[in-house]
Structure formats: structure tokens, C-alpha cells
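Chemist: Residues per chain are reported as follows:
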Amino acid sequence: MTVPMTDIPSPPRPPQKGLVTWIWQNFFGSLGNSVLTLVILWILYKAITGAFTWAVLDATLAPATIRECIDAGGACWAFIQDKWRLILFGTYPFDQQWRPALALVLFLLLVIATCIPASWKTQERKRWMFGLWLVGILLIGVLMSGGLGLPHVEIRFWSGLPLTVLLAVVGMAACFLASILLALGRRSSMPAIRWICIVYIEVIRGVPLISLLFMANIMLPLLLPADVTIPNIVRAQVAFIMFFAAYMAETVRGGLQAVPDGQYAAAKAMGMGYWQSMIYIILPQALRITIPSMVNLFIAGFKDTSLVIVISMLDLLGTANAAKADPEWLGLFIEAYVFIAAIYLAVCASMSWYSRRIERRISMRQQH
Amino acid sequence: MRTLLKSILAAGVIAAASATTATAGAILDEIKERGKLRCGIYQNVPALATLDDQGRWQGFDVDYCRALAAALFGDGDAVEFVTMTFAQGMPAVKSREVDMAGLAITYTIGRDSELGLDFVGPTLYSGHGFMVHKRTGATKIADLNGASVCVVAGTVTDSLISDYFSARNLTYTPVAFENTNQRYEYYENGRCDVVTSEIPFLGTRRLRMKNPDDHVIFEEVFAKSHMGPVILESDPQWSNVARWVHYALIQADEFGINQENIDEMLKTEDPELQRFLGVTETLGEKMGLPNDFTVNIIRATGNYDDIWERNFGMKSAVKLPRGLNALAKDGGLQWAPNWR
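Residue numbers (this note's numbering), protein chains in the order written: chain A, 276 to 643; chain H, 111 to 450.
Just so you know, the hints here were simulated from the structure itself, not pulled from any lab data.
Idealized CB from N, CA, C, for every residue including glycine.
Keep in mind that a hint or two might mislead.
Listed next, the stretches of chain A that the computed footprint assigns to chain H, with coverage defined by at least 3 CB atoms under 8 Å from CB atoms of chain H [as the list claims (entries may be wrong)]:
| # | stretch |
| --- | --- |
| 1 | 353-363 |
| 2 | 565-572 |
| 3 | 603-609 |
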């Protein structure tokens, strides 16, 4: 017996839910859920009103003294109004601080341009982008350190946000390259290279970043001849690259292992050599897989740059600490930390937002 | 591994050798050749070394570095400041990483004779006292039996308390910190009952607590304290320069010469002033400095009184009277030998 198609009952349409029913079912479905919802609502209410009272209602704006701030009981934004340039630019000569500011803006523009997919559509545009970066980096270098008529500013005066960004960006770029080499080395068929890479990765991963920074800052000068001095920014930067390259190498190795064996075989069958097959076939696929964990590492790395304060460097956290030590404002610190937390949050949130966008684009492309 | 050990040992031997074989003028010449004084200062200790709104170092110790740089190079800004903790200070002087450590280090016989260091000043006289939470009900040191005390690890204060308490059969629990600011935050939050430091520093900190009235500073002083910059004790000429820069600041205070009236004073007919300012004779040159080094110091930082007022006195947030640090003629302890 054949059943006409039309007789098959269509699955029941879910009943139209109003917002109220949806809330009721999802938040107050059971006694436990109801209690949980109410408790969380109460905590949210307390936290939001508390923060609002502190940051807006009871806050004090310039001009004000610390006593007025303490008596008002809320946030002392007058303190930040007094100190924002110190927190952002630290010991960079005051009358020259437009230079790091401009350098940061330039850098931000370059990053935005790079993040727009349209910038990479054609070969010509790609060439343009490389040119832009080259010119941009040169300009930023001149702005920060001087030249072309700008007075020279020694590297030891670089501090605050430019220092944090410098440590993070140069560090991440260098350790990205190093990590690829390390990951390939660890999977190499040549025992010497393989073992060097394994030992390096395992040793560095077994050591805390702080101890590496101390080594770079205190031990290294003892081992070098007395007349060789390396600026401590460079020393910290190298320690940083060494540390994160080891972690990132493991991420990249994960990606390499996830590429199906057939791809390696296919590349070989095409007559490609080792480097050719890696660059054109394997790495593009492997790196695509590792984007989420890579961004994870970038975010962790950006925040970990603040560890350089243990070797007395004035990064963003260091300058915030310097601001709170001013005798005039002694005793205030929450405002300074909120200020830099907002900067860290903005940077890290945009990184993770952008990585989610890339992931979506890639998965869309793979479905087509 | 063995080569690493070897090179560490070699570095140690070289450092030790260079420390003992340095001769008269060696350090002074090296600094002059470098053209810049390397000065170790605290990072963020109010009144001693902090960054101002414009990112320039300010503070009592910072001014001493500037004065020394002005004496050497005629430029108070010819200083490279290296920030460090108390524990790093004396090793940094020994290893020649810095020429001078301005970390308010207390002058003791042990440090002077055993460590091969030389002390300038004392530039700052004071006494060690206690601040306690009022709720403890303590009013004198004898009440502190069994109390927990916040101290900075490795400082003289640490060992002074231990001596003082054990001599009187009192006990206490030390709570040690690496850094001064931390210690006050933890004290205010109740991690310990007592915090101890030189009385002027306690006063500054109390001003900034949420409820200054909840804290009592005992009038009793349990130890004297006398601090100053520290340098390496291997080049007598360099030691002289550092010492006489301090005396120049005191002497200028005695004469009443400051940044405003220095040009006026240079025209003086008073032979004593002329000798001091290098208008006549060659006192500066004999020490290995420009003859007008006192003028350069005063132009860069003012005299001792100016430095005091800027960092501890009425022009600062601390608002301390000169007290023990007044000139000898005003009943204090600051005093300079004869300028002839």
C-alpha cells in the first residue's frame, strides 16, 4: 500500500512564543532556576548601581584636591585628568609627547587597513600593503627615536602605552616566525634539528616568564663584557620572544598535525620540495586551523607584557603605578587601574572580535 | 653547562678584581669620560623618587643625583636614572651598574666597613617610630608585645626592631614585603597591627589613609636613623667629590645662596663667598671638578633648604618642619666643614 506524500504529517510547528513565555520557560522553569535567576538579578543590580554611583554620581572632576575626592567617596577622575599623559607616555619628554601619540595613531591606521579583507584582494593591493607597512614602520621609528630634524629620544625614555604596544607587536611578530620554524623543526626528520627544537621548547615551557625576564635583566649583563650594554627594552623583548615562541610552536605543531596526510602526499606528488610544499600547501591550512588558539596566545602575550615591571620597566602598568605614587595623590589607585584596564580591554576585545570574524569568513568559504 | 659556570665565575673574579684594584681618580675619570652620571633611585617612593605629571623624576634622592651631575658636568640633567628596589641598591653600586645609589640607605658601621661602600652625608636625619591601628588600644611601644609588624625585607629597620624587642623580652611577628608601597596597603587593610619606618615617612602615609584618625604614631622613637646616598669606596677622589657636593648644598644654605640670588652673589666682594663660588682660588679644580661647581649645583637644584622644602617641607605634600635636619646654627644637625 502506498501512502500519498501529502498524508505524511508535517512535524508540529513549535507554538509561537511570546517574549514573556520565553523568559518564563528559560529563567523560571523550575524552582531552582527561579532562585538562581533572582539571585543573579540582585547581584547584577547591586554591581551596576554600585559601579554607577562610584564612577558617576559620587565622582569628583578636576579641579579638586585628594581630600575632596576622599570625602566625596567616589571615583577621583581629577587624578586621571592630572595624570593621563604620565600614564600614557611615561618618561617620554613632555614637549615631544605628540610623537609617540602620532606613532600610535599611524600604527592603528596600518592595523585597520591590514584587517580589511579588501586590502588583500589583488596582487597589486598586496604589494601596496607591504609598501605601506615598510613606510609606516620607518615613520614610526623616526617619530619615536628622532631624525629628519626631530631631536633624538633615547630608548630608555620610551614608556607607557607605546612601550606596551612595541613589546607586544614586535614580540608577537618575531615569535610567530620563530614558532613556525620551531614547529617544523620539531617534526623534522633530521634528529639533530628535531632534538634541539624539542629541548628548547620543553625547557622554555618549563620556566616561568618572570624568571626569564630576570635572567635577561640581571644574569645577561654579568656574562657580557663590561663595555657591552644592551638596553633593557631589548633584553626584555628577547626574553619575551623566546618564551612565547615555545608556546606558539606547540600550537603551530597542532595545526600541522591536523592537516591530512593526503595533503603532504599530494604536495610531494606535484613534485614540490620541502619548503615549497610547506609554504604553499601545508602551512596555509595548518595556520588557518590554529587561528583561535593563536589569538588566545596573542591576547595572553599582550597582557603579559605588563610583567616587565618586575625588572623596573615603565610599561602601561608601570606608569599607572608611578602615577599613584605622587605625594599629592597618594592613596588613590583604583582610578589609575580602571583607566589602564579600559585600554587593555579595548585592545584584547578587538583582537578576539576580529578573530571571530576571520573564523566565520573561513568557515563560510569552506562551505562553498 | 661547564662553560656557563666558568664564565659566571670569570665574571665574578673580574668584578672582584676591578673593585679592589681601582685607584685614585679611576671612577671619577670613568664617569667624566661617560659624560653622564648613573644614579640608582627608588621607583615610586613618595618624597624620595616619583614621576611628576610631565614624566620627570622628582624627589629628595633625585635632587642629590642632579646636584652631583651638575657638579661634574655643569648640567643637572646629565643623569641616567636607574630604578631599583632597596635590595638591589648596594649590589648595583658594587657591580658598578650605578655610580651612586640614592635609596635613603641607613649609615651603619657594618655597611661602611664590611661592604666596601662609602656613605655621603648623612643627608637626612630621622628616627624610627611605629604607627598602629587605633583599635588595638596601644599607646606605647611596651603595648606592642605579640603584635604583627609590617617591614620591608632586608632593611635596617627590620633588624632594629628585632634587637629592640628581644632586649626588652617582647615578641612580635614580622610580615615582610619586598616593596614599601605594598607594606602600607597591607597595613591599612589590617594584615598587620603595626607598620614601622622613619617618622616623617609615617606621617606622609597617614595623611593619605582613608581615615587618618584611625592610626596613631607613637612619639617614642626606638632607633635613630641617618640616611644618605651610597657610593663605592675605592676611589678617594670620587668619594671626596660626592661628599663635598653634599657640603656645598649645606654651605649654600648657610650662606643663603639660592637659584634666585646666585647671579647677585657672584658679584660679591665677600672673600668667603668668593672662595665658595670659585670666583677666587682653585678649590674646585684641585678636587678634579670645574672651579665653579658650586655655582652649577645651586643653579641646578638650589641649596639644601630648597631641596628640603620641595620634597619634605611646606612646598610639598608632606609639610614637615626641618627638625633634626635644620642647620647646626638653627639647632639642627646639618653642618658643613670649612670652605678653605
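Chemist: Are there three or more residues in the stretch 353-363 of chain A whose C-beta lies closer than 8 Å to some C-beta of chain H?
Modeler: holds (count 4)
Chemist: Within the assertion that chain H covers the stretch 603-609 of chain A, do at least three residues meet a Cβ-to-Cβ distance smaller than 8 Å?
Modeler: holds (count 3)
Chemist: Just to make sure I understand the rule, a stretch counts as covered if three or more of its residues have a C-beta closer than 8 Å to a C-beta of the chain. Does the stretch 565-572 of chain A meet that for chain H?
Modeler: violated (count 0)
Violation of the numbered hints given earlier is confined to hint 2; every other hint is satisfied by the structure.
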